[in-house]
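In case you want the letters, here they are:
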Amino acid sequence: MEPNENLLEQTLNASLTGGEEDLLDGQIVQLVSFQLEDVEYGIEILSVHEILRIPAITRLPNTPHFIKGVLNLRGNVIPVVDVRERFGFPKAVLTDQSRVIVIESEDKLIGLLVDNVSQVLRIRENNIDPPSVLIEGVSEEYIKGVGRLKERLIIILNMQNILFADAETKDRKDKAYIKA
Amino acid sequence: MAFSLGEYQDIFLEEADDQIQELNKNLLQMEQNPEDEAIINNIFRAAHSLKSSAAFVGLNDLSDLAHKMENLLQGVRDKTIKINQQIIDVLFRSFDFINAVIESVSQGEAPQEDLSGIIREIQEIHDKVKSGAAPAKEVSKPETKSDEMKKTPKTSFTPQEKKLLKKGLDDKLDCYEVTVFIEKDAQMKWVKAQLVINNVRNIGQVIKTIPDEGDITDETVKDAFKIILLTNEPLDSVFKACDVDLIVRIDVVKISLTQKDDKYVLTYKNQGSTSEAESKSQEEETAPEDEALPSGVVSVSEKAQEILAPVISDDVHDDRKDSDRKRKGTVLRTVKVSVDKLDELLNNVGELVIANSGFYRLYDDLKKQNADKTVINEFKNRMEQMSRIAKDLQGGIMKTRMVPIGQVFERFNRLVRDLARECGKSVQLVTNGEDTELDKKVVDVIGEPLIHMIRNSIDHGIESIEERLALRKPESATVTLNAYQGGNQIYVEVIDDGKGLNIEGIKRKALERNLVTPEILSGMDNEDIYEFIFHPGFSTAEKITDVSGRGVGMNVVKEVVNEMNGSISIETEPGMGTRFIMAFPLTLAIIPAIMVSVLKEVYAIPLSDVIETIKIAQEDITTIEGHEVINLRGEILSLLRLNQFVGLEYEIADLENIPVVVVGYNNRKIGLIVGDLVGKMEIVIKSLEQNYVNVDGLAGASILGDGSICLILDISSMINKVISEQDKIGREERSQILKKKEASVALVEQKELSAGAATDDLRMTLNKELISSAGVDAVQAERAASIQADLKELKKAEAPSPKVSSPVQQAKVVAPAEKTVSKNETPSISANTSRSLFSEQTTPVRESSAVAADENVKEALNEFRDELHKNVSSVLSTGDVDEHIKKVIGIDSEDMKKVQLLANVGIMQGADSLSRMIGKRVDIAIPEVRMLPIEKIPASLGKVDDVYAGIYMSLSGDVHGTILLSMPNDSVCSLIDDLYGFDTGKTKEINDDAVSALKEITNIVGSSVVNAFSEKTGLVIMPSVPAMVNDYIQSILDSILVLHNMKNDYALIMDTVFYYEDDRIMANLLILPDSESLKTLVSNLRNE
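Residue numbers (the working numbering), protein chains in the order written: chain A, 2 to 181; chain B, 73 to 1160.
Keep in mind that the hints were calculated from the coordinates and are not lab data.
For every residue, glycine included, the Cβ atom is placed at its ideal position computed from N, Cα and C.
Any given hint could be a false lead.
Stated by the list, open to error - Here chain A is said to cover these stretches of chain B; the calculated rule only asks that three of the stretch's residues, wherever they fall, bring their Cβ under 8 Å from a Cβ of chain A: (1) 759–768; (2) 776–784.
Unchecked claim - From the structure, some residues in chain B lie toward chain A, with a derived Cβ separation under 10 Å: (3) P306; (4) N420; (5) N428; (6) G430; (7) L434; (8) D436; (9) L438; (10) G505; (11) I683; (12) F717; (13) V718; (14) G719; (15) E721.
Just chain B, same shape as in the assembly:
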């Protein structure tokens, strides 16, 4: 059975919450400014209100505690007690107790806290301080009835009021000062006060009330208030007017004007008093008495005299007072309403909107029936008016759900103070954007994640004072809470200026906890790695090791944020600090959504999850490992067919314009193939859980204008589904490939044994390969990882290439390497190619023009350009242009010059990208550029019997063909040594790392060249993902030509040298356009 305080529990809790906030805020301020009376008054008031409301619901201990606090503060207020640290501490601790009690009550438990200790403590401090202090006035006098008089407000008049008063008295009206005492435990005292004042106003003119009428609240009224009244009604009607429910006593003092020494003096004469129990009868006796005797003559006690200042008064001054009062009168009154009620209202309004849409149909019907025009118009006007009102209503209710986040931020002052003390650090809390309004639901839950993040920041993020000083950072660290609106989102940030996240620590921990394999980890970018701290149970355990324990409760953070349809991201800079950014939708009640259809069913996708919508053609879709993917601007995007997801089977009719909604959640993206895009709409989310259960893949439902239900897709669960399936298939596929590889190696060995066809060299290579594939050198792996990370960054930077003609057209992906396997009988190839499947699916890197070229690069480019011109001219001087080219294709040496020039520009840019990628200067020289008939290539490249690595990319778009980077195997090994920084000769064969590195190099260099052509000619040329063949050069060329079924007569051959530190590595870059493409290329060059 839950503990309850009865029907007023909710009101009490709400009120108490406010008081606690107020207490907390002011206590903190008091610590800073112990002398500030306003702050002390605020605390006093909060304690006081808490005292009465606690007593009201029967929490007597709490009431006592608040009472003691109040007493102590009263002393402070009266300056009989001087504030010291001890007092502040005891107040803080009292506050904690109060908080604890309220907390247990709100959780439906009986408060267990024993408050007697702290009560005694306050009393002791109070006594101690007081005994040492000046003789106390009635500082902590218990409240008794006799004390009430002292609590009644003092009467004083402004000149304006005095003028009124005098005029009234001159008009022979009676003036009374009525003091009304309200039952001490009454609720809503201000209402009583207002009631009495209104009643009194009926019988006369109210000159003033104390407290001021515009300022009447429970706080100000306390137990009594005063009315100064001018009336000609008899005294008993005054009593009657004041005597409403829960009024315990009414004191009436008659004010009269007497002249004394040229001054008007107000004389107060007691006219009687009443109290519920005893005084009532007494009042009845006095009242007639008063009536019998003319006022002023009666011998009643003279209570006070006040000199009525000259009635001529300063009007300007008065006006100011008046306006002051007016301002006070317009102080916003707030009503607390539960969110549930608002939701219900919102629901009703939604119904109203829907019902209203019925009128539109009716209107159409009316029009068809040719009814009276004026009626129809009137109908239309009314209908539209109603729809407007409904919309306004909807908007208004929505707005009521928004509350400023400041109230949440305020709580953290205390947390930061305490935590900082605990950790022995000096931390300042800065808050910005307190006025930013968030959906009430978010504000209600955001506290917890913020606490976790702040705690993390202070505990782990911020360095100790000594460390900070050593780092020349300010001794006092800053934690900033920021809130602001950006677009359709509200951002809430927690920023610290500490040491930043320890990425190595996170990696280590992730590996320790088996959250990730080293291979996957090596391919992850930093953002993905930071995500680990949101993993349940991540961190905390290892606090001792100083490895950033960050991640305490970060899982909770993530969960809460997700629940609110928000997202969280991390920015961190070692040594500079960390920034957690939470983004929430503006409102949770109504969300903008993209409506899509599948057959006749309509689904909504929350706009916050949508990145873009595109149209693709069937041929853009490629299958990788059983998954449909497209290449979207160089990014491989998994596809999910919505119709399959919702269990509808149908064939897509239009294969050219398949609508795809690219949706993203966290850092993950997928393309959702839909039937049709319907439009954008604002929808109200309704949970399915209310009457059913949450359904996988659905975030809820929404009711559309026509009353039908449309389902809202849950993008995160869809993405998770796709990802988990991919992981599963990926694993299976991988193990299959492993098996295949073993089989092929076995086959090779068999062949070797039986036929003895393979040369000794080849056997050697194979054996080495076997060894290498068994275990990759750890160091090597790490280096590869860092290079891959660099590559990723590079790719990111290059992703938004301006050259992209149409994003989806580019979707030619993957030259399936498996095909080559089947076509090549040489055993060594099958071994190598199948291994190449191991390497991660790499995405083509677009040209580097999008990369902001820094000064260094410019310099390098200039150097290159000079070299290039020399080269080109030397090449041309040899005049080595095949006669056939001129005759058959119609390309002259002038054209060749241009082609060569472009090839050189491309390579140059490729070198630049490559240098940037590995962080060291790599030069690619171009000693020779020539155009050769295909059949002459093998001979021209060198040794026919040597095994070459050929990495190629197919070209599509306006130019078809292949771009091929070929180099002898031993050159590859040296290149790998260089790239990975190994000792020369360490790499003995082409292993996985080598393959992926080669592919990237080809990607970069090849794409650069292609782009150079593309830019100059205005043709769209799109390279595919690189694939690799390891074979004799003739076989490589054959496989390329056969594979792509192309008619290539000529190849543009660039013999290049990779200069890397002291090494020089020979390689050839070949462009093999098909004959038609070559012509197109050349003719476009001419027109350029």
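Chain A extracted, bound-state conformation:
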């Protein structure tokens, strides 16, 4: 159950401010959530650097298709991953709701292009299950766990692999999924 341990460790470091809703047992995990094709995803707030409206993105040739390009974040050149393409969803047009979530993973800043950022969620840690069966839409290597919040299911993403996991096998899986 390594992902869970990881979560625990990180949440311990998090400052638990405010006496909100159900502060019962277990640590609270805060997630930045976004919606993609009816499924809600969450990224731990600790790894989120900032959230931007769509800035100018420069296309990066000769890179995997899901690399949307690079953006200038105060002098830092950071890559932008189109999360839709990364997970094998059809492309979508940019809207007012589109955002780039800048995350920090292994000392690198990475931008994630998402359709929207819905809210920041607080989930108790014991409401998070490890990824078990194949979860609809996204292959398991990107999933850290599944959070339950009342009736909602939030897929908590594992950011380690988002940039570098083998893109080819990924593509194949995606295609297989889309066919099925």
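Once you've looked at the hints, dock chain B against the given chain A.
Chain B only, in chain A's frame:
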């Protein structure tokens, strides 16, 4: 877990590095001048500093070693020990140990070196030398507290100071000599000293400090310093002022003035002392005591007396002293800053510049809104001021990254000394341009490549002493390190005066290692061959064979240089030496770049990679083996479309002005077709790796003024990509051609068998051809190779032809030989033509006018000219001008004369070029020049039934037509024999080598003729790459006429003879201009 010395490790390492440099430099100097005290002092100081800093970080062994060195040197300094080789050697070895220890520490390892041996050794030497020497004074006395007094500086006064002193004392001020002892292990002693001096200054007038205030450093302060003070404050405030952190003891001596025998005498009286632990209380006791008793009366020990020289002093002398002191005071203080910090700063400044550009937009908005004029102007002024400051800041920070290369060079004295000894050679190291400043990054990494190159030079490049003497070279070889700036580049050179690179050895090795095939190798020029030594693992292996093992680590050199955006080239002269030239960009932080666009995307190409920018037309682009190429001034340049490279598809709209950036990397060049040229810009490189990975084809990114990102192209990877693709396609193509050839031969045989149409002769030829194509004589191949090499050189020399009208207009390349194949049914042609594809794509050789004509050539030309005039007049006397020419084209015999004259001049120059190419005199005589209607040509040339070799080049530009060299096959064979130096009759058929040689001859001779016309008429005439047909003369002419769809009525025919030694070979050179072109030609001649 990495070994660490704690938080001061970095400081220690930096300091130690300095000390090591200092030690190294001085040790080497000492070897030369063992008597020089300054050098010994320097070594002593370095050892001393090392001792304390090593102790500070807990490297006690190292500290001990340094201490022993110091002791030994102290002896030398005091002249109780005499320097000898043994001492120098042991010092060198100690130095090596120190170096090793520091090295392991800096690599995060615990030092393993056992220093006790060397420490003992020093001690032994010390004892031995000392016992033999004069009775020692306290040379190596361990440092104890009692010793401290001896270490305190001696007090003496300059006349100026004495004057001050006397005045102060006369004013009833008290004068104290305060000696302050600083905690032995304290860091930054000079700061403490400065602090105390400043404190003391608050309570009185500081007359002098020892060491001098401008000269206060850790070195000079050591553990104690003195202040001479005039004050009216009580003694305890003096103590108080001196008592800062880490001060262990304060001794105060009162100086008073007494008169003795007409002389003023300074009397020193101890006023008390303090030390952290014990003396403090004692001081408190003494102090009030002193207060109670008037100074001078107290019975305190009289420490010293100094005669105060007559106070009247030499003012001039004083001034000099003062200015001396001032100069010392302005000694540059340096602060070490990590490059990372600078980069960060630079980054911030970059942001500032970008942020500032936002104001410009704001300013424009303001103007549009018609805001208050004065406000707008003020705004503009401020904005511009800020932008200036930002620029200055940027420049300043950039400058801080530049450091002189001298510190790198210094290291090599030792290396050269040791290596030379090891190899039993005598080598001098000369360094030039130590002050040349390079980017810190380069300076940091350049050491390693330099070591490799120097090692190579000494180990392999420089001959043994005996060899040198035998060659009448100076016994002592010289290795020179040179650094200088040239344009936007900094050059660093390693030069030796050894035997030079062994090119044959390199070739052999390259073949052995299968780095290259003999065919390719034969076509390579020397520079390309030298490049092999940079190949990983090249050389070293074969040291035994004496085949220049050069190349040890040259791969590393190349890699490091490339990493720094630099380049390396080699110049070498057998017997004279070798020069490695590294070129680095001035700064790595900011690079000038050419901005290009593709659709809406902007890319930057580092200017260092750009050779030129040109515009070409769609029709200039030719396809060879599936590659787009252009002919740029005679050089075939592969093209790469940037839009394809970056994955954008679009049609080029303007087919006339396609912008091409010619980029080069090492010796390779390609043309990069871009969408548009935007301009030049200075850009800051940001790595993509920092947040992502390195992307193929991109060197990084840069942020433009508007905050957008532009990507920087990595030219080397682009070129490599193109080259590797070419190689791949080239191979495929070649194997395809091989197959085709086999098929065609099979076809021929079939035809022969079935139809029996071919004559016996023809069958013979075919069979021979088959044999020859199976295996080319090795000797022959080598000769061909050498000729090709010569050709290449020739081409190079001729490349910058002044006649070139517009570089790109010339881009007509290649008369596709395959087409002729399809048009000719004769089997022998298909066999020959397809073989001609084998030969390397040759580039047209431009006229020889660009070649510097040497005296020999002039002579030859004169000879020719005389002969020519004779010929022309004889031709004209025959009056053999076709009536038709006069009537229809309107060319009279006067015009013909001019045409003929020019043809002759051209041929003459062609002969000259040809001679030069093969290094032997080849004469081409012109027995006859005539103008004939096309239909009469076959008959006039000779036997209609003979097979001729026809090598032709199409002409384009202002004159259209063809230039054709034709000769019977047997003449070709003799010519080849001659050219390659074979025995007559050896060459029996036209093989690949023959084809390529023929093409070159045609190229040279034909181009010369064309150029003669071109020059005289002012018309642009451009010959294509030669192609060859082997057929009956009628078929040759037909294929040319059909192929080029031209209407030629007349041909200018030059029957020539190649004289080569004893042989004479008949050939015809024909110029077949189309009728219109002939008219143009003639009319231009008339106007000329």
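Against which earlier hints does the structure fall short, listed by number upward?
-> Checked against the structure, the hints that fail are numbers 3, 5, 6, 7, 8, 9, 10, 11, 15, while the rest are satisfied.
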